[in-house]
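Participant: Spelled out from the first residue to the last, the chains are:
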Amino acid sequence: MRYCRNYDLRCVCWVAVIFAIACGKSLFAQDFALIVDEAPNAMVQNALQKRLRMSLEPILKVELSFAIRAAKPTDDQRRALIAAAAIWLDQFADEFAQKKNQNEQQMWLQGLQQIVIGGPPEGGNPRTEIESGVAKLVEKTLPEEKAAAYKKEAKEREAFRREATVDQLVEQLDEKLILSAEQRAKIASSLSAHWDSKWAPELESFQFGGSYFMPVPGQWVQPELTPAQRIVFDRLNSSSRQIIFGAMALGRNGGLIDDVDLPAEPVAAEPAPAGPQPVVANPQHDVD
Amino acid sequence: MKRIKPISLVEFSMMAIVTVVSWIGGLQAVTAQNHFTLDESQFDAWLYGNSNRVDDVDSQITLAIEGVDHVCHLTGAQSDKLRLAGQGDYSRFDRQADELRSELVGTTYNQNEIGDVYQKVRPLATTYQAGLLGRSSLFAKVIRSTLTPEQTGEYAAAEKERLKANHAAQVKLFVAMLERGCPLTSAQRTRLVELLRSETKPALRSGQYDQYVIPAQCSAIKEEKFTAILDEAQFRVLNKTLQQGRGLRRQLVQQGILADD
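Chains as they are written, first to last, in this note's numbering: chain A, 1 to 288; chain B, 1001 to 1261.
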């Protein structure tokens, strides 16, 4: 056709067609995204909640096992505690899933294989949340003296973790700054006195053989350092970041105790005596 | 012969451009998949790890000298000798790093060669990450030859104390990490810490393998000593760690971190 032989016009047509395709594709993509986003959101949430429950359940079992060792409840009290914990876990997994941003949701869906360097995770640390969740359940379901026994043990465990973390921070500083015995003692006492879980690194951070320098609040360390130590400390501390652990923080790199049987599906908080009962595997012998 | 229409020529040119561009892109992708050009930043990442290159060498040397001075009160002449030795250690390392850099950086390697290249960098990286003023350094040799017998005794005692503190810290970390999966009562925790402190020894030197020192030695402790503290479910969890530790001991002895006894 004659008009098709027109050089300029065909060029313009070519460009217009490409432009139209690109725009169309983009518009279609938006429409498609709108359609797709709505329905699978529920699916993603559902999958995420299932994945969370699966990942968090072993941690809950460890904490229940701790509570049982600490409080020494009767069989009925144990059953009530475990049943309440199973219900709590479902609610917690649901709320926890909602608090996660898209990146974190993806991390959980993929089994938390990543280790992230940066600030604290959105929606809190699951281990801490589970520990405080179980503490509330213990208080609700167990008699006062048993709850007090658990509280005392939990407090001592926390103090030990803190001590272990402070010691590791001091070792990390000693490795890099060659501290004197006096400096080590003063820094340890300063960090303990000003302890705050917001800056405290996870214990897992110290399993990298000093590859990562964990940030330490300078104000509690610098007064004890010499000028040369301060220069090196400032350089290391300014470029360091906290590490958030994926599966490793959930204990999947080591063994996890498995002596509490949680029901697969939530059951009533106070199960009927004749109905199916969650079973607690008793420790072979209670030590202390 | 048919004459090529001008319009077809333009179309042909555009198609050719598209084809060439995509071909170049594809070629690059193939090259990227199968080959690897080692650049400066990758070389530095391998060599210095996460700790990055130390720029303030003087501060590093000063604090190493201060570390000795705290314990044995060095004279001016002793400090000068140590400073020179420290500078020598850093210069020697930089020379070795530069030689390796000029040999390896800027060259393209195939997939089979990358591993060998990394292995070439590794010994120097290990030296750097262990600290350039460590036990095998010129700095350490000058300490040994410069200090008086009295100062040497004080320095050795301080080093022993440092390793003891490190050992205590590693025991606590081991127990605290065990508790991530194996709940302990306060009494059990205390007894386990005591057991590990008495049955394991401090490392001969501290450093990047610190966290393996306790698991490696735990595997040699008699099972009954653990089962006197832990119940069966707890021991099952600990036992996994003990099994992992069995292979570690020999490696740590070979590295000179644990004594062979």
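Honestly, the hints are just simulated from the structure, not real lab data. Idealized CB from N, CA, C, for every residue including glycine. Certain hints may be false.
Partial list, computed: chain B residues near chain A (C-beta under 10 Å) [what the hints assert, rightly or not]:
| # | residue |
| --- | --- |
| 1 | A1045 |
| 2 | W1046 |
| 3 | L1047 |
| 4 | D1058 |
| 5 | K1172 |
| 6 | G1207 |
| 7 | E1232 |
| 8 | A1233 |
Participant: A separate judgement is required for each hint: does it hold in the structure or not?
Facilitator: Do the hints match the structure? See the list:
1. At a threshold of 10 Å, the smallest CB-CB gap from B/A1045 to chain A is about 12 Å, leaving the interface hint violated.
2. Restraint check, B/W1046 versus chain A: the minimum CB separation of about 13 Å is more than 10 Å; hint violated.
3. Hint on B/L1047 is violated. Least Cβ distance to chain A is approximately 14 Å, over the 10 Å limit.
4. Interface restraint check: B/D1058 against chain A, minimum CB-CB distance 8 Å, threshold 10 Å, status holds.
5. This hint holds: B/K1172 has a C-beta 4 Å from the nearest C-beta of chain A, less than the 10 Å allowed.
6. The criterion of a C-beta within 10 Å of any C-beta in chain A is met by B/G1207, whose closest approach is roughly 7 Å, and the hint holds.
7. Against a cut-off of 10 Å between C-beta atoms, the interface hint on B/E1232 holds, since the closest Cβ of chain A lies about 4 Å away.
8. Because the smallest distance between the Cβ of B/A1233 and any Cβ of chain A comes to about 4 Å, under 10 Å, the interface hint for this residue holds.
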